[in-house]
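Student: Here are the chains, one letter per residue:
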Amino acid sequence: MTQKLTRPGTSRGAEPGPGTGAPDPKRRGDRVFRGFAMGAGILILVILALVAAFLLIQGSPALFADPAKLISQGYGEFLPWVLPYAFGTVWAAILALVLAVPVAVGIALFISHYSPRRLAQPLGYVIDLLAAVPSVVFGLWGSLVLAPAARPLYEWLSANLGFIPLFSGTVSGTGRTIFTAAIVLATMVLPIITSMCREVFLQAPRLHEEAALALGATRWEMVKMAVFPFARPGIIAAVMLGLGRALGETMAVTMVLSGTRNITFELLTSENPNTIAATVAQNFPEAFGLKTSQLIAAGLVLFLITLVVNMIARWIVSRRAEFSGAN
Amino acid sequence: MRIKTIATAALVTATALAFAGCASNETPAAGGTTAAGASKTLTGTGSSAQKAAQEKWVAAFQTKNSSVTVNYNPDGSGAGRSAFIAGAANFAGSDRPFKDEEMGAGKFAGCAADSSALNLPVYISPIAVIFNVDGVTDLTFDTDTIAGIFSGKITKWNDAAIAKTNPKVTLPDAAITAVHRGDDSGTTNNFTDTLNKTSPTVWTQAAADTFPAAFGGEAANGTSGVVQAVTGGKNTIGYADASAAGKLGKASILVNGKPLQPTADAASAILDNSKTIAGRAANDLAYSLERTSEGVYPAVLVSYAIVCQTYKDAALGTLVKDYVTYIASADGQQAAATAAGSAPLSSALQAKVKTAIDSVK
Numbered sequence: 067m068t069q070k071l072t073r074p075g076t077s078r079g080a081e082p083g084p085g086t087g088a089p090d091p092k093r094r095g096d097r098v099f100r101g102f103a104m105g106a107g108i109l110i111l112v113i114l115a116l117v118a119a120f121l122l123i124q125g126s127p128a129l130f131a132d133p134a135k136l137i138s139q140g141y142g143e144f145l146p147w148v149l150p151y152a153f154g155t156v157w158a159a160i161l162a163l164v165l166a167v168p169v170a171v172g173i174a175l176f177i178s179h180y181s182p183r184r185l186a187q188p189l190g191y192v193i194d195l196l197a198a199v200p201s202v203v204f205g206l207w208g209s210l211v212l213a214p215a216a217r218p219l220y221e222w223l224s225a226n227l228g229f230i231p232l233f234s235g236t237v238s239g240t241g242r243t244i245f246t247a248a249i250v251l252a253t254m255v256l257p258i259i260t261s262m263c264r265e266v267f268l269q270a271p272r273l274h275e276e277a278a279l280a281l282g283a284t285r286w287e288m289v290k291m292a293v294f295p296f297a298r299p300g301i302i303a304a305v306m307l308g309l310g311r312a313l314g315e316t317m318a319v320t321m322v323l324s325g326t327r328n329i330t331f332e333l334l335t336s337e338n339p340n341t342i343a344a345t346v347a348q349n350f351p352e353a354f355g356l357k358t359s360q361l362i363a364a365g366l367v368l369f370l371i372t373l374v375v376n377m378i379a380r381w382i383v384s385r386r387a388e389f390s391g392a393n
Numbered sequence: 201m202r203i204k205t206i207a208t209a210a211l212v213t214a215t216a217l218a219f220a221g222c223a224s225n226e227t228p229a230a231g232g233t234t235a236a237g238a239s240k241t242l243t244g245t246g247s248s249a250q251k252a253a254q255e256k257w258v259a260a261f262q263t264k265n266s267s268v269t270v271n272y273n274p275d276g277s278g279a280g281r282s283a284f285i286a287g288a289a290n291f292a293g294s295d296r297p298f299k300d301e302e303m304g305a306g307k308f309a310g311c312a313a314d315s316s317a318l319n320l321p322v323y324i325s326p327i328a329v330i331f332n333v334d335g336v337t338d339l340t341f342d343t344d345t346i347a348g349i350f351s352g353k354i355t356k357w358n359d360a361a362i363a364k365t366n367p368k369v370t371l372p373d374a375a376i377t378a379v380h381r382g383d384d385s386g387t388t389n390n391f392t393d394t395l396n397k398t399s400p401t402v403w404t405q406a407a408a409d410t411f412p413a414a415f416g417g418e419a420a421n422g423t424s425g426v427v428q429a430v431t432g433g434k435n436t437i438g439y440a441d442a443s444a445a446g447k448l449g450k451a452s453i454l455v456n457g458k459p460l461q462p463t464a465d466a467a468s469a470i471l472d473n474s475k476t477i478a479g480r481a482a483n484d485l486a487y488s489l490e491r492t493s494e495g496v497y498p499a500v501l502v503s504y505a506i507v508c509q510t511y512k513d514a515a516l517g518t519l520v521k522d523y524v525t526y527i528a529s530a531d532g533q534q535a536a537a538t539a540a541g542s543a544p545l546s547s548a549l550q551a552k553v554k555t556a557i558d559s560v561k
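Keeping their order, the protein sequence lines are chains A and X. Under the numbering used here, the first residue of the first sequence is numbered 67, with each subsequent residue one higher. Under the numbering used here, the first residue of the second sequence is numbered 201, with each subsequent residue one higher.
Fair warning: there could be bad hints in the mix.
What the hints assert, rightly or not - Where chain X lies over chain A, by a calculated footprint (3+ residues, C-beta under 8 Å):
hint	segment
1	208-216
2	238-248
As the list claims (entries may be wrong) - No more than 35 Å apart at the CA atoms, straight line, and that leaves these computed lysine-lysine pairs for DSBU-like:
hint	chain 1	residue 1	chain 2	residue 2
3	X	Lys307	A	Lys135
4	A	Lys135	X	Lys512
5	A	Lys135	X	Lys240
6	A	Lys135	X	Lys397
7	X	Lys397	X	Lys512
8	X	Lys353	A	Lys135
9	X	Lys240	X	Lys552
10	X	Lys552	A	Lys135
11	A	Lys135	X	Lys299
What the hints assert, rightly or not - If you only want the chain A side, here are some residues facing chain X, beta carbon under 8 Å, derived:
hint	residue
12	Gln269
13	Gly314
14	Thr316
15	Thr320
16	Pro351
The hints are simulated quantities; they were obtained by calculation from the structure and are not laboratory data. We put the CB at the ideal spot given by N, CA and C, even for glycine.
I would like the entire structure built from these sequences, with the hints used as guidance.
Tutor: Okay, structure coming up:
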């Protein structure tokens, strides 16, 4: 293969002779590819900048409007209006991660270190398939099947563990609570976290693992000593990727969650804090004028939240990488 | 190397195609009649409550008038009104008429300088109070009780207020989950208006598209979302277009001691018992709904077609006139009743709307 590629190149390269200054054709492919790669890199920055500019320009009428005008023509004063939704967005995503991360790490560990090879591969495929299910399908499942099915559990939790603030309040009669939304979101972020953790676990140095086992460590001790320290930045990166997905998820939350505009930590009631993405999706079709601007400005807030979360993730990963012993 | 290049090229092409796809989605700018040829275009924007009916009307009208294209964008009443003011829509669909201060000659870009707008009621739909309670098939409420339930003041099904109007029903000792619309909607506006007009002491908030957050309760997205939440839940109650209620129980509302179901007749009677807003032009049929009349089901959504008294473009005026005449005719109203489950206008009102449309130029 390499020979076939290089031979015409060298023969043609010899023809012009030295000193003509013609570029070395061998390098042409290199330069073209470099151009492509750089173009792609620039393109993504341009897209990001354009999206940010769009949000700023279209949202600015609401951001800089007189509060009285927002109350009469919009949804109300901007900050008090958007704050509960921002809280709901972060709260739902955190709940989803609390549910998803232990399971995802468990699955990844099972695939990489415990299961027989014959089982590991199909299981990996199935997990990846889960990522291909459209969010609207998750939404339908959540609202039609999961919510009614989970209602008895919620009633039990409220009756027996109601003294814990999380489970207090009147239980929703439909099961369309933030707990249900978190379960649906957890299902959606599970494949992302699992497949990334699996890759990281598989790269744990064989020698470390064997050394641990040779010193008489059990399998769990080996994982604890050799795999986790090595994989920690990878796990954090995977979690943050999942968090990004959970923060921005719209359709499933819109369909599953009974969202209102309030801040509460109660998990089982009818009055749950709605997320920004779901609020925008619900209200945009009927919005006009200042209301449209206000919803777009809410989108800007979501954009900033996601950006901040990702920056924190980068910072953690880079800080941890130095002394994780990965090298 | 080669494969990578091809992959990159494919990626670039795919991206380009994706962008091209976006562009082709954009709707053509709303305009009036096209001067070229015999084909004419009529653009309406507004109420999503009218969507199913408008689709039926557009299809029937275009079948009869093959040279005419009618576009109705169900972007919402507010969007419809602002598009009509800006002249981007030739007529608007709206769940409320223009207010006094919004009316006036010269305020509408598509109308002649000396012309104001006409609000014509064309779509009436009863809003049902739907419920899903184990073992209960029929319920009767007075409006105070309904307001109490949806404002979170009545929280148990066996509350004395509910038991009083339902002596024969065994009510469970269970919490009520009251489901409302989470998105802005004309249904919410008319439902809250009903409660505010009939039980002002319990329902202290004014009518609004957004359900008052202070009253709490469960939120669901869209009519179908509410119906589905009530159906899938237990001991639930909600409000939705009567046509969308499906197999759910529909509560009767007590009006002057008589229980009324959300039927077409009881709903359309509301306009025959209401007066048009005082001080408007004779042909402006903007009603101030009288929700407490004898024999009238109070929770009714009345949606309007808003047109110019005189259009800048006379040909366009004729076109609007033809279309709205069909909508308000017995045929058109029957078609909407079949397609959307609306309540047809009474024949007296059909005649009134006809007179009003005939004055459009």
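Student: For every hint, state whether the structure bears it out.
Tutor: Against the structure, the hints:
Closer than 8 Å: that is the beta-carbon criterion, and the segment 208-216 of chain A has 4 residues meeting it against chain X, so the requirement of 3 holds. Taking a C-beta to C-beta cut-off of 8 Å, the segment 238-248 of chain A contributes 5 residues in contact with chain X, enough for the three needed, and the coverage statement holds. Pair hint X:Lys307 plus A:Lys135 holds up; C-alpha atoms about 21 Å apart against a cutoff of 35 Å. This hinted pair checks out: A:Lys135 and X:Lys512 have alpha carbons roughly 32 Å apart, not beyond 35 Å.
At most 35 Å may separate the alpha-carbon atoms for a hinted pair to count; A:Lys135 and X:Lys240 exceed this at roughly 40 Å. Our distance criterion of 35 Å between C-alpha atoms is met by A:Lys135 and X:Lys397, whose separation comes to about 27 Å. A hinted pair counts as satisfied when its Cα atoms are at most 35 Å apart, and X:Lys397 with X:Lys512 does not qualify at roughly 39 Å. For the proposed pair X:Lys353 and A:Lys135, the alpha carbon gap of about 32 Å is at most 35 Å, so the pair holds.
Taken as a hint, the X:Lys240 and X:Lys552 pair is honoured in the structure, with Cα atoms around 28 Å apart against an allowance of 35 Å. For the proposed pair X:Lys552 and A:Lys135, the alpha carbon gap of about 38 Å is over 35 Å, so the pair is violated. Between A:Lys135 and X:Lys299, the direct Cα distance comes to roughly 18 Å. Compliance with the 35 Å bound is thereby established for this hinted pair. Hint status for A:Gln269 relative to chain X: violated, with the closest Cβ pair at about 23 Å, above 8 Å.
Here the hint on A:Gly314 is broken, as its CB sits about 18 Å from the closest CB of chain X, past 8 Å. For A:Thr316, the interface hint is violated, since its Cβ never comes within 8 Å of a Cβ in chain X; the closest pair sits about 11 Å apart. The interface hint given for A:Thr320 holds, since its Cβ lies 5 Å from the closest Cβ of chain X, which is under the 8 Å cut-off. Interface hint status for A:Pro351: upheld, as the beta-carbon distance to the closest one in chain X is roughly 6 Å, under 8 Å.
In the structure shown, a violation is registered for the earlier hints numbered 5, 7, 10, 12, 13 and 14, in ascending order.
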